[in-house]
Each structure stands twice: as structure tokens, then as C-alpha cells.
Amino acid sequence: MKSLTFDRIDDAAIEMMDCDSKVGVLATEDESGYPHLSFISSIQALDESVLTFGQFSAGLSKRFILDRPHVGFLVLSADKCYLTGRATYTHSANTGKEFDLYNNKPLFRYNSYMGFYRIFYLNLERISAIRPLPMGSIVLGAILSRVKAVFVRKSERCALPLVGQQLFSQLDSLKFLCYYDEAGEAEMFPVVQATSAGSDRITLCGIPYGKQLSQIPDGAKASILCLNLKMESVLVKGRYSKGTLEIERVYNSMPPKMEYVYPRSETIEPVRSF
Numbered sequence: 001m002k003s004l005t006f007d008r009i010d011d012a013a014i015e016m017m018d019c020d021s022k023v024g025v026l027a028t029e030d031e032s033g034y035p036h037l038s039f040i041s042s043i044q045a046l047d048e049s050v051l052t053f054g055q056f057s058a059g060l061s062k063r064f065i066l067d068r069p070h071v072g073f074l075v076l077s078a079d080k081c082y083l084t085g086r087a088t089y090t091h092s093a094n095t096g097k098e099f100d101l102y103n104n105k106p107l108f109r110y111n112s113y114m115g116f117y118r119i120f121y122l123n124l125e126r127i128s129a130i131r132p133l134p135m136g137s138i139v140l141g142a143i144l145s146r147v148k149a150v151f152v153r154k155s156e157r158c159a160l161p162l163v164g165q166q167l168f169s170q171l172d173s174l175k176f177l178c179y180y181d182e183a184g185e186a187e188m189f190p191v192v193q194a195t196s197a198g199s200d201r202i203t204l205c206g207i208p209y210g211k212q213l214s215q216i217p218d219g220a221k222a223s224i225l226c227l228n229l230k231m232e233s234v235l236v237k238g239r240y241s242k243g244t245l246e247i248e249r250v251y252n253s254m255p256p257k258m259e260y261v262y263p264r265s266e267t268i269e270p271v272r273s274f
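Numbering (our numbering), first residue to last: 1 to 274.
These are computed hints drawn from the structure, not numbers from a lab.
Treat each hint with caution, since some may be false.
As a list, the in silico DSSO-like pairs of lysine-lysine whose alpha-carbon atoms are at most 30 angstroms apart [as the list claims (entries may be wrong)]:
1) Lys-105 <-> Lys-221
2) Lys-230 <-> Lys-175
3) Lys-62 <-> Lys-230
4) Lys-221 <-> Lys-242
5) Lys-242 <-> Lys-105
6) Lys-148 <-> Lys-221
7) Lys-148 <-> Lys-175
8) Lys-242 <-> Lys-97
9) Lys-211 <-> Lys-80
10) Lys-62 <-> Lys-105
11) Lys-148 <-> Lys-257
12) Lys-221 <-> Lys-175
13) Lys-80 <-> Lys-22
14) Lys-154 <-> Lys-22
15) Lys-211 <-> Lys-175
Here are the simulated distance ranges between beta carbons [said to hold, decoys possible]:
16) Leu-4 <-> Ala-58: 32 to 38 angstroms
17) Cys-19 <-> Leu-66: 54 to 60 angstroms
18) Val-139 <-> Pro-69: 16 to 22 angstroms
19) Val-147 <-> Asp-79: 27 to 33 angstroms
20) Asn-228 <-> Cys-81: 17 to 23 angstroms
21) Pro-132 <-> Pro-217: 23 to 29 angstroms
22) Gly-210 <-> Arg-272: 26 to 32 angstroms
23) Pro-69 <-> Thr-5: 18 to 24 angstroms
Note that this is a predicted model, so its numbers are computed, not measured.
Glycine residues also receive a C-beta, built at the ideal position from the N, C-alpha and C atoms.
Given only the sequences and the hints, what does the whole structure look like? Please build it.
Laid out in C-alpha cells, this is it:
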């Protein structure tokens with residue numbers, strides 16, 4: 001059974017999303033049908049049925065949303081409460097009231113080097129109620145996941161770089177998993193307990209969110225975004241089966257250059273002429 005959802009954003013959710021000290025995650029669909037998760041802290045509610053977010057760097061999600069406008073989103077507040085939802089991209093603008101409001105936020109108002117240069121607008125489809133993170137279960141799940149990782153380690157292809165493995169292994173790093181259900185809708189939820197199992201796998205136990213994890217079809221295309229409080233992040237994509245994600249692609253989601261680091265999209269040739 002899926003969680004109760006609504007077709008309007010209530011006042012509590014509007015206030016939660018209006019706060020700048022939050023984590024926002026946007027799920028778009030890539031060219032191969034995998035969820036592409038992006039850290040979008042600027043996502044907020046314009047009113048009870050419209051969402052906006054600002055762009056200040058050029059990642060793949062802004063390209064994917066133009067081709068496939070149906071998206072999923074998750075917002076996590078500083079007091080460890082979160083909500084999820086779905087929306088449809090309608091248009092963008094590089095002038096106007098919202099453009100000015102975004103660029104007058106404290107972080108960007110006096111920033112000469114970086115600012116929002118485009119605002120994206122989305123119509124809300126569904127939104128969940130605000131729910132607390134089950135911190136006690138997360139701690140237990142993190143311990144059990146690390147025990148499990150010892151038995152399912154795999155490092156044949158060196159897919160996830162060492163820095164990515166270390167990021168996933170941090171107990172305080174945030175992780176979010178997304179897959180598409182039978183109707184093609186994005187299902188996203190926190191999986192803070194997840195950890196790296198070598199360079200080729202991410203593994204997690206079913207505590208917490210065992211019910212949601214059990215609903216993921218065996219072999220489903222899934223993605224996990226991992227980030228920490230320093231805003232270091234990495235995105236892994238692959239096939240999910242029985243609590244383990246077999247990594248197929250790794251995406252560096254940090255500025256200034258967001259790109260796939262496994263498999264590499266370009267071949268580095270040695271310099272032979274000097």
C-alpha cells in the first residue's frame with residue numbers, strides 16, 4: 001500500500017520548502033530509462049499547486065526535464081522530516097518576479113561569481129504528508145548494512161572511485177533511492193543505511209523502509225544519490241536486487257564539471273609530442 005498523498009501543498013509543506021537550509025532532490029529520467037537524481041536545494045512551492053527551482057549550474061537533469069517533463073522530488077528539512085511528490089515541468093524563465101526573488105536570497109544576493117540564471121516551473125501532481133526520519137532504525141540499519149557489505153563485496157570493475165566509496169561509507173551521509181513503479185512513476189525515499197560494498201556494489205538492509213524496498217521489482221533500474229553536509233555528492237545507477245544495487249554507471253554530480261566518471265565518456269590519451 002502506498003502512502004497517503006494529496007493534490008495540494010498545505011501550509012506546513014510550503015513553510016518547510018521555503019526554508020533555505022534544506023535538502024532537495026529532483027528525479028528526472030535519463031536517456032536509458034534510469035532515474036537521474038540531482039541535489040536541488042532551491043526547490044520550493046510558489047503556491048499550493050506550483051513548484052519552482054533555480055538553476056545556477058548546467059547538469060544533465062536540466063536537459064532530461066525538457067525531454068521527459070514528469071519528475072519526482074523529495075525535500076528533507078533540517079529537523080529530519082521529509083516529504084515526497086511528483087510534478088510536471090511546464091516552462092522556464094530568466095526574468096520576472098521569481099527570478100529576482102531567487103537572486104535576492106542571502107547566499108546569492110552579493111555573489112558576483114554565481115547566481116541563478118534560469119527558473120523552472122512545475123505543476124504539482126501529488127505530494128505526501130510530512131514524515132519524520134526514523135533515526136533509531138536508521139542507526140540499526142546502518143550497522144546491519146555494513147555487516148552485510150562484508151559478505152557481498154565486489155570490486156572487479158572499479159566502478160565507484162575510492163572517494164565515492166568513502167562517501168557512501170560515512171555514517172552521517174545522506175542517501176536517497178529512486179526507481180520507477182509499474183505505472184512509470186518515480187518512487188523515491190531515504191536509504192541512509194546504505195553503504196558501499198566494494199567498488200561495484202551498494203548494499204543496504206531492510207531497516208528502515210523494508211516495505212518500500214520489498215516493492216522494488218527484482219532487477220529494476222534504480223539510482224542512489226549520496227551526499228554529505230559538505231555538499232560532496234555522487235550518483236550511482238544500476239540494477240537493484242534483494243537489497244543490493246549492482247553499479248552500472250557513476251555520475252559526478254558536483255560542480256564545476258558534472259559528468260559520468262564510470263564508464264568514462266571520453267578516452268584519455270597520453271601526451272606523446274612535446
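Now for the hints, and whether the structure bears them out:
1. Lys-105 <-> Lys-221: violated, 37 angstroms
2. Lys-230 <-> Lys-175: holds, 14 angstroms
3. Lys-62 <-> Lys-230: holds, 23 angstroms
4. Lys-221 <-> Lys-242: holds, 13 angstroms
5. Lys-242 <-> Lys-105: Violated, because 43 angstroms separates the two Cα atoms, which is more than 30 angstroms.
6. Lys-148 <-> Lys-221: holds, 22 angstroms
7. Lys-148 <-> Lys-175: At roughly 17 angstroms apart (the allowed maximum being 30 angstroms), Lys-175 and Lys-148 satisfy the hint.
8. Lys-242 <-> Lys-97: violated, 47 angstroms
9. Lys-211 <-> Lys-80: The given pair, whose Cα atoms are some 20 angstroms apart, holds under the 30 angstroms limit.
10. Lys-62 <-> Lys-105: Given that 30 angstroms is the threshold and the Cα spacing comes to 21 angstroms, the pair holds.
11. Lys-148 <-> Lys-257: Not OK: Lys-148 and Lys-257 at ~34 angstroms, beyond 30 angstroms, violated.
12. Lys-221 <-> Lys-175: holds, 17 angstroms
13. Lys-80 <-> Lys-22: The hint holds at about 9 angstroms.
14. Lys-154 <-> Lys-22: violated, 34 angstroms
15. Lys-211 <-> Lys-175: holds, 17 angstroms
16. Leu-4 <-> Ala-58: 32 to 38 angstroms: Holds, since Leu-4 and Ala-58 (Cβ atoms, about 37 angstroms apart) stay within the stated range.
17. Cys-19 <-> Leu-66: 54 to 60 angstroms: At roughly 28 angstroms between Cβ atoms, Leu-66 and Cys-19 fall outside 54 to 60 angstroms, so the hint is violated.
18. Val-139 <-> Pro-69: 16 to 22 angstroms: Between Val-139 and Pro-69, where Cβ atoms are some 38 angstroms apart, the hint is violated.
19. Val-147 <-> Asp-79: 27 to 33 angstroms: holds, 30 angstroms
20. Asn-228 <-> Cys-81: 17 to 23 angstroms: At roughly 19 angstroms between Cβ atoms, Cys-81 and Asn-228 fall inside 17 to 23 angstroms, so the hint holds.
21. Pro-132 <-> Pro-217: 23 to 29 angstroms: Once the Cβ atoms are compared, 28 angstroms apart, the range 23 to 29 angstroms for Pro-217 and Pro-132 holds.
22. Gly-210 <-> Arg-272: 26 to 32 angstroms: Once the Cβ atoms are compared, 55 angstroms apart, the range 26 to 32 angstroms for Arg-272 and Gly-210 is violated.
23. Pro-69 <-> Thr-5: 18 to 24 angstroms: Taking Cβ atoms as reference, Pro-69 and Thr-5 lie about 19 angstroms apart, which means the hint holds.
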